[in-house]
Each structure stands twice: as C-alpha cells, then as structure tokens.
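Chains as they are written, first to last, in the working numbering: chain Z, 1 to 314; chain H, 1 to 314; chain W, 1 to 323; chain R, 1 to 323.
Keep in mind that the hints were calculated from the coordinates and are not lab data. Watch out, some of these pointers could steer you wrong.
Ranges between beta-carbon positions, derived for each pair [unchecked claim]:
1. R:P293 with H:S178: 39 to 49 Å
2. Z:R220 with H:D188: 25 to 35 Å
3. Z:S101 with W:P293: 23 to 33 Å
Ideal Cβ positions, reconstructed from N, Cα and C, are used throughout, including at glycine.
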Amino acid sequence: MDLLTCHEQMLTIRRFEEAVERLFREGRIGGTAHTCIGQEAVAVGTAAALQPQDAVTSTHRGHGHFLARGAEPGRLMAELFGRATGYLRGRGGSQMMMDASIGFYGANGITGGSIPFAVGLALDAKLRGTKRVALCFFGDGAASQGVFHETLNLAALWKLPVVFLCENNGYAMSTTASRSLAHPHVADRATVYGIASAQTDGNDLLAVRQTVADALDHARCGHGPFLLECRTYRLSGHSRGDPREYRARDEETAAWQREPIARFEAYLLAQKLATDADLTARHAAAKARIEQAIQFAEESPLPDAASVAQGVFA
Amino acid sequence: MDLLTCHEQMLTIRRFEEAVERLFREGRIGGTAHTCIGQEAVAVGTAAALQPQDAVTSTHRGHGHFLARGAEPGRLMAELFGRATGYLRGRGGSQMMMDASIGFYGANGITGGSIPFAVGLALDAKLRGTKRVALCFFGDGAASQGVFHETLNLAALWKLPVVFLCENNGYAMSTTASRSLAHPHVADRATVYGIASAQTDGNDLLAVRQTVADALDHARCGHGPFLLECRTYRLSGHSRGDPREYRARDEETAAWQREPIARFEAYLLAQKLATDADLTARHAAAKARIEQAIQFAEESPLPDAASVAQGVFA
Amino acid sequence: MRTVTYTQILRETLADALRRDPRVFLMGEDIGTYGGAFGVTRGLLQEFGPERVRDTPISEPAFVGAAIGAAAAGSRPVVEIMFMDFIALAADQLINMAAKLRYVYGVSCPLVVRTPIGGGRGYGATHSQSLERLFTGVPGLQIVAPATVSDASALLQTALAGADPVIFLEHKLLYPLREELPEGLPPALPFGRARVVCEGRRATIVAWSGMVPQAERAAELLAAEGIQAEVLDLRTLVPLDTETLVASARKTGRVLVVEEGPRTGGFAAEVACRIFEAAHDSLDAPIRRLAAPDCPLPAARNLEAACLPNAESIATEVRALVR
Amino acid sequence: MRTVTYTQILRETLADALRRDPRVFLMGEDIGTYGGAFGVTRGLLQEFGPERVRDTPISEPAFVGAAIGAAAAGSRPVVEIMFMDFIALAADQLINMAAKLRYVYGVSCPLVVRTPIGGGRGYGATHSQSLERLFTGVPGLQIVAPATVSDASALLQTALAGADPVIFLEHKLLYPLREELPEGLPPALPFGRARVVCEGRRATIVAWSGMVPQAERAAELLAAEGIQAEVLDLRTLVPLDTETLVASARKTGRVLVVEEGPRTGGFAAEVACRIFEAAHDSLDAPIRRLAAPDCPLPAARNLEAACLPNAESIATEVRALVR
Ligand SMILES: Cc1ncc(C[n+]2csc(CCOP(=O)(O)OP(=O)(O)O)c2C)c(N)n1
Ligand SMILES: Cc1ncc(C[n+]2csc(CCOP(=O)(O)OP(=O)(O)O)c2C)c(N)n1
Ligand SMILES: [Mg+2]
Ligand SMILES: [Mg+2]
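Sequences and hints are given; from them, build the entire structure.
Now the structure itself:
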C-alpha cells in the first residue's frame, strides 16, 4: 500500500466513523457501535504491512481494521443499517463482521475472544505449511483477560506465526490502562514467555507500518510469535452516546494535537508527496465515498425475516 | 512450629500418602487421589511459617497441605474411605476438602480453580482490616491457566495480602514443565505485574520456611502480593495407578537422592537436634498414627444416604 | 408516593445494603465513575468510595472467583457482569466452585451476581443472550429474574441477605420501567413465590423477566376479545414455585410458557414438565412453549424482532391454545 | 469378527481420520505419551507425531479457542477435554464463538470436542458431571452421545466429516464396553436418528449415553415380570430425533425419560416436552423423568450410588408408570 493510499484509507475510516456517530445521533441506525477515531494509523499502518494471504482478527472496535483490510464501506455501512447487502446480511451488526475472502477473520463482541482464534489461524497455517501469518488486534483492556496469557504461552511453546498487536488507546471503556494493568507496558509481557516484542507510536503511520512489517517478517520466517504494542488514544467515546465523564476535556484536546491524520498530512506536505490542493481533493473524495456508502446502505433492502432461523448448520 | 514438629509432620504426610497408594492397590478405597510424596517440605515448611489467622488454598494434591495445616489424619482418611466421620462426610473425597476453622480453604479438583478464590480471601481480609494473609498453593501446570494471570494482575493492582506459592514439581500429569511453560521460571512472571518474587529449593524445609515467612511478612505489612516458586519433584505418580511411562526410572532414582525427609534428618543429626534412636522412634510413631487413622476410617459408619440431597442451600 | 425506575430501585437497594452492612461491596467492570453499562451503580462510587465500589479489569473469571472467595470468608460481594453473554467466561467458577461450596465443603457463599439479559436492542448475538439455561440445571445456584420495579428491590434484598449464591437477572428492556411506590424500599420477598400478574380462567401464561410485560400486554389484547388469561411471573426460576404453577394450570386447563431464549434446551421445558407431571389430568390441551427459534439472535432490527416473542405472538399462541 | 472396546474403536476411528485426512489433528492435555486420562489416544502420538497429536498446557480456553480458529481456517481439529467438568472453562469460546460462526459469520467450523462425562467412579463433584445441559440450549452446537461401541465410531465419523461444531460425549463407564464387530470401522451414521434398543408395547424408556445400558437392563428386569418396555437411545441430543420419540410414545402411551444429571433444568425436560407437544393425546399417563436429585454428586460410593439412576430405579419407575 503506497503512502497516498494509506492517507486515503485513514480518511475513509475517519469519515466513516464520524458518519456512524452522526447516524446514531440522528436515530438512523440502531444497536451499538464502537468507533476508532484517532486510531486510524494503527489500522492502516498494519494493513499496509500485511500480505494478501495473511489473516487478521479484530475486536469490538473493528470498522477501521476491516476497512483498512479492504472492506467496502457500503457493505459495512449496510451491516450497521441491518440490510441484506451488509457483510453478514444484518446478522452481525457492528461488533461481529467477518470476510474470510480478504483474510479478515472477524470483529468480536467478546473482549479478548479472538486472541486464541488468531492462534488457531496460525496453527492451521503452520500445520498446512502456508506462508500465512495471523495478526491479532486487541486492546489494553483485553490484555487483562486470562486467555491472552494462555495464548501467549501456547504461541511461544509452539512457535506459531502470529503477531499480537495491542492497540493501547489508554482506556478500556472508562477504565484507564493504569487502573486495569498492574504494569503499564503490555509489550513487556512478552519477556516472560520468551517472545520477541516492540512498542511503537500508534499515531505514527510510518512507524506502525515498519514495526508491523518487521514483526510479520519475524513470524513468517519461523521465529515464532511477536508482541507489538501501539500506543494511541481513542478520541471517540467508548461507544455511541458515551458522555466521557471519566476523563477531562483538556486531556482530549491535548490528544487531538497528536492525532494521526493531520500528522501524516504534515509529513506528506513536508516531503512534497502531496500539495494542499491534493489533500483538499482527497478529503472531498473521502466524504463522497462515505455519503455513497450511506446511500447504498439506506437504499438496500432489509434482510428476509422469513428465513431468520436458517443457516445454523450446514 | 519447631523443627521436631516439622519432622513429625513430614513423616506423617509421607506415611499417609504411602498408605493411600497401598489402600488403592488393595482396593480398600475408591475414586481417585493424588499423593505428594517428595513434596512434604513445601507443605510443612509453609505451614510452619503461617500464622493461625492465615488462610490457605490448595490443589487436587492437597493431603499434605491439609495435614501440615493441622488436619486430623483420621478424619482425612475417613474422607477417602467415604465415611460419615470424614471432613466432608464423604461428600468431597480426596480432591475436595476444606476446614475453614483451621484456615484451610480447600483442595480443588479444578486445576487453578482456587487461585482467584485465594485472592478473594485476601480481599476480604483487606476490606475487613484483619491481619490475615491468604496463601495459595498451585502447580507448575496451573500456571498455564489464564485465571492465574488475571489474578496476579488483580492482586497487584489492589495490593492484596496474598502469597502465590507455586509448587513446581516438574510435571503436570505427564507434561514436563518445559512443555507446558514457554519460560521455565514461574516466579519470573511476577516482574510483569510489579510483584515481588523469589525462588527456592522446595526440598529444603528450612529454606521453604524462611522464604514463606518473608513472603508472608511482605504481604502482611501491606506491600502487596508475593509470588514464590518452590522447586521440588513429585516422586509419586500423578494419580493412583499412574504407570509413569512419560519419564525414566533413572530420573526418579536421582530424584529420590534429593528427597526432603532424609535430607532434613541428616540436618537434625548433624545439628545434634536428634539422635538415630529418636528418629527411629519417630518413624515408628508416624507409622502408628497412620495405622490408627486407617482403623478409625474403616470403623467409621457410612454417611447417611437418605439425606444425600440435603444441604444444597442453607 | 413517587415514581421510581427499575434502574433506580436497584441502585437504592444496593446503596441501602452498602449503608447497613459493612460486609457488602460491589465489584465489576466500569461500575464506578461510569456507573455500569446500564447506569445501575451510578453515584455509588461517590458515596461509598473505591474500596466498596470496585472497578475491575476485564477479567471475569478472576473477579467472579475472587468474589466467591471473599463470600466464603464472610464478605457479601455483589458482582456485576456487564452483559450476561460474558458470564460464560466465569462459568467454571460459578459451576465448579460457587455451586459446590455449601453442599460439598459446607461453607456459605453469600454472593450475588447481577447481570443484564435479553435482546430487543439490536446489540447482536453476543450481547443479547438470555443464558439462564446455563445455570438452572446446576444445583447450588439460585436464579432470580424480577420483572417489576418493586420485585427488583424485594428480591435483591433477599439475595443480599441470603447465604448462598444468586444469579440475579435484569432484562435490559426493564431498566427504564417505572412504578409508583412509597418512599423507601418495598419489603423483601422470599424466593420461590411466583406472582399472579392477573387472574383469568381460560388459559395460563407463564413468563419471567422481560417476557412478563409482553405476557401482560397479550392478556390485555386477549381480554378485549373476551379471552381471560391468567399471567404468572415466575420471579425466581430456582427455586421454582411449582405449587402456584400447578394451581393455575388446574384452574385453566391450558398453559403457555413463554421464554425469550431459543426453544430447545430452555427453561420453559422445565416449567412445562413440572406442570404436566403434577397436573396432567387437569389439562385440556398440551402445554405449549413459545420461544425464540433455535438460532443466535441477529443484530438487524427486523431479524431480531422476527425472533423474539412479543405480545402479539403470545396472544396468537393463546388463541390457538383455547380454540 | 473381533471384540472391540468403546475406547479402542474411538482410537481406531481417530487414527483412520488422521490417516485419511491431513487436515485432521488432535489436541488436548496429556493425549500424547499418556494417551489421555482414559487412554483413548494411546499410541497415536507414535504413529502421527507431536504436530498432529498435540499435548497442550492446562489452558482450556486457549486451546479450545485455537481449535475454533484452526477449524475456521480449514483444519479439522479434534479436541479432548479431560473431564467434561472442565469444559466450563471453555464455555465462552464454545458459546460465543464456535456456535456463532456459521449463522452469524457464515463460516464453517468443523470442530469436534470429545469429552468424558458422568459419575459412577467416585471421582467427586467436579469430575463426574454430565454437563450436556450447558450446550443443548445453545443453537449452533451439535451434541452427540453414543452409547454403544459401533455408534461411538459411526457418530464420530460423522462428526469428523461434518462442517459444524460437535460436542462428543463419552461416558466414563462406557469405555470398557465390548462389542463383536467385523474388521474395519462400522459405517458412519447421520446425526438425528435415535436407536430403538429393544421393542416393547407397554412403555417407552428414553435414555442416552451411560444411562442406555441401565435402561436396557431395566427392560430385561421388566420383561421377566411380563412388562415389555421399549428402549430408545437418543444417540444425538442436538439434533433430536423427535419423530422416533413420538412414534414410540404413540405406540406405548407411557414414557419415562432417564437422565444421569440432576433433575431440574436437564435435557430430559426437553425430551419430555417434544413428546407431549406432539403426542399428548396418545399418552395414557404423564411422562415421567428419572434423574439424579438436585445436588452436586458426592464422592462417597454409597452417596453417589444413591444419586444415580440405575436399572433398578428405572424399573421401579416403569412399574409405577404402567400401573
Ligand atoms: C468479555 C467481555 N467483557 C466485557 C465486555 C464489555 N466491553 C466491551 S469493550 C470493553 C473495553 C475494551 O477495552 P480495550 O480492550 O482496551 O479496547 P478498546 O475499547 O479500548 O478499543 C468492555 C469492557 C465485553 N465486550 N466482553
Ligand atoms: C481445569 C482442569 N484441567 C485439567 C485437569 C486435570 N488435571 C488434574 S491435575 C493436572 C496436572 C496439574 O499439574 P500441576 O498444576 O503442576 O499440579 P501437580 O499435579 O503437579 O501437583 C491435570 C491436567 C483438571 N483437574 N482441571
Ligand atoms: Mg483500550
Ligand atoms: Mg506439577
């Protein structure tokens, strides 16, 4: 993925997530959703480093991971609208999306639930001798789940080709990482399993891309799992309608200064990879893409309720 | 607990466990049991360091922990015989024993199942301001359970008065510690939670007693949890009738050279704390104690089957 | 008199217990500042402080296990599991430890696990389940599912004063429910007493938790057609008030059991069995069960609605039953 | 012909699958050198090596979760949970992931989880449970419980060839069971077909897994008294062969459902409901359930025996049923 595509993807995600927040406020979509505003560089930097055969697992906050991996905004939006054209024909909703055909093995409503699943993907890859690496996104909150520890141990013992990518956005819902993790650096967990690890600035697209590429190489070459921590900040609320009483507006304002898109744009301009006019055009294009996605979703038919009980078994 | 009492306790445990193995072979008891031959110094050294108000949780291999904590051999044996005079009137069996009145909060048939329970005991102690420390026995195998990781994190975050004591006997059933733990030193896990830790020779009664005493002090003074690893060896089979095909007899022979009782007796003799005659007399006394326990159990009545469904709720 | 919501009375009942009994403390994810995902504990942190209103990391097995240990030692923990779907993570601790403590070990375990159940909000397959069926068949666990504001308090008080573990189910759609109540808390209610929501002679509708308001509305629809249905609210699934069920079945001769979860393997089967085992000869028609189809609950509103029983589908079943 | 045990045929069936399908692999605690707690996988490590006969650490959530992921990617993992009691640790992965994969995500999950159930060996309350009830009410999971040597193989073959998760229950007391069988494996059997163990006109006894031999023996006792009982073996709980159940109930008019686990909230209730919903008008007596009392299973032999249904207590129930 070249740098301009990376920029385009980050913008798509940002606009998509803003639209989601708005659509909820306007009552046009229901259920729940967790947006990833401020975390776009993690999703896109990672996707840029992945190879087509690789597999990704995601979390409840998965729109960005999915879009970066190649999801169509229209079908993703249609899933949020509960339409027949959605990725899972309305059966999944925001927290449960999957498209194995592009190596996206699922958002998951259970915090930490996909961690062992990712190791299973890696085990399958190893047993079948493919060159696939499984990459597992999880949050700082999920790091407190026991299955994370079990899975690190398993992956290390079996030297599986898996990259554990902790998106440390400082919060698990209202709980700061310092109140949910006795030791603040998730990457340090790797040492007690003899796993390689690194920490990087998750708001720096280039740093993410590079570190993920290195981690994937490590895993792909048979050196076993890699634990990578990307430090970022969730600028959105935890889920739609979160009043964010647990943190100060000042903290958020400061975090906005470090948000990844403006930062990446400054880089593009400084490196003369884009002009102001280019960026303006790209912003407009991203906006249009999302408007189209919404239109596609809203004009799509509802799923067929008569067949709702079908498809539980093959 | 003075040194001679420690010796007495170790002998009681050894003879008890040998009797259990024999009683199974003879078909006089049923169900299952896991004996702790070779691990007596951990149980007794720990008990010697505990204060009366402290609480202990145990494992499936709990006879030694319970006896060292003050259980009556007769009632314990009666539980194995499924008699009304057993600690739980036959309801528990070998893997489930408890006597809160002596601060023994239970053997547990679920590997790792008591780890969070122990933290709950410590939380209760902290909330109620008692000077109790909870001590949690667990095995090298149990260290792979996710709840162990969750619990370390919780105990560290909340600075709870709990000592996690890993009885690393080298095996989880047939699985060597090196095949179940990606990193062989369980105590090292402590670092990623900011927990104090130590490792000690679990076959050296004095070392165990001293290290546990230090760990308890640490927890009792409000410094939070402590993770202690005692290295030992399970000379028994995993459970009754285990043919031990997964290890060589040579390995066992070597391990017998390091077994804790003879080693402690050598110390007692060298320090002139006991004579050969003393030891002979003590061995005979221990044997008699266990014979009495068996007799007590065998002469005890069966539990009342008519009331079997009673007592599920208060 | 005052107007109180289900959420509010739960909060008041917890606050009352925290005030009166120093052994009571709360534990769960984001129950402090955030007040819990559904706001039940909002404000309690401020009054009782972080030692007694304890935010936990996302470690369901550990904090449920810790609560069990604390309860065995004499504390009275009240745990919140944010959505009942997540209780599966702590199933081992509840089934193999909490449920065994009194019977096997002879030890009290005064633990309350509060958790929201049910669909109707488009949250999808892992945030909408009614998983009481995981525990109704595990002796040693009591399952409580209040459907009204006053019962929510009355039964929570009993849970808080008890000596054995309680799984306390709060249907998400019930939280905004309002009731006119006197100041203070309603009196506590013993477990094992079903509530006769309304009397009728033609048929009995048995429901619990979120299905009770639907059953009530169905009874209104039916009454307008001249069909007088009796509605029973189980209130507690374990222990189950077989007596009241059987008495009503004997009276009406026709019974419909409504369950929000999928049909197969649900608790409605137990309810139906209890009734026909005792009142077989008084039944004029086979007992019917109305439940969700045997599939996960989809997220899309129209699909979700197609799965969940409601007043209309209940009324339809009753019409067929009395025909 | 040759004499084969239940244990042995399971092993042969696994070996056959390992030989024929490179996607199949086994995973579980001590299934390698040790051969599993009940010896089912003994010798397979030697033939297939540690990659395909994979010892795991004691991490039920992780290795079940990993198996689910591997299955979704195209492998065919067969997981052993050493005792079904421990499956509670992996309940989240099975309920919230495996069971949702096809319906929600549209993905196959050809996973087999083998696990021993049941009491009768004095192992105590956390090594003796029959926890099928945790999963029978979770759409997306198939529950298989063979009671004979040939069914063990026939149903395991179907499980191994399927596209959706199967929980495969092996009663501990069945392992030593012997049967005369031809060389090779018996033909595979589709799920959802109950077996008529023996025919009779006076009453139907429904059982599964470890209760089937007891029901058979009860039928013999009853036959000696002139009471011809029909015995049905469910073979699979999900899917359930309602048709065969109903046909038998219509024929005999009297049904006893036997379950090893505690009475309340068990699967016998579902079986009974399926029957009376369809055959209410053909029943001459209320369907009865015989099950363990609502308590954990104690360890002492005499207490355990007092809890578990057996041929005698089944016969007693049938006598009361036909009276
Ligand atoms: C097992 C489980 N427990 C609790 C929740 C509720 N929950 C959803 S997201 C979340 C916070 C997750 O934090 P983190 O892993 O840091 O991800 P982030 O939300 O920051 O992206 C919680 C507690 C859940 N979905 N699953
Ligand atoms: C949850 C669970 N999984 C598996 C088992 C079966 N099992 C009983 S003891 C044991 C080995 C435990 O090893 P370790 O913790 O090292 O204790 P040790 O037996 O060495 O004392 C296993 C696998 C169990 N009882 N519980
Ligand atoms: Mg986070
Ligand atoms: Mg060990």
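For this structure, which hints from the list above don't hold up? Violated hints: none at all, because every hint is consistent with the structure.
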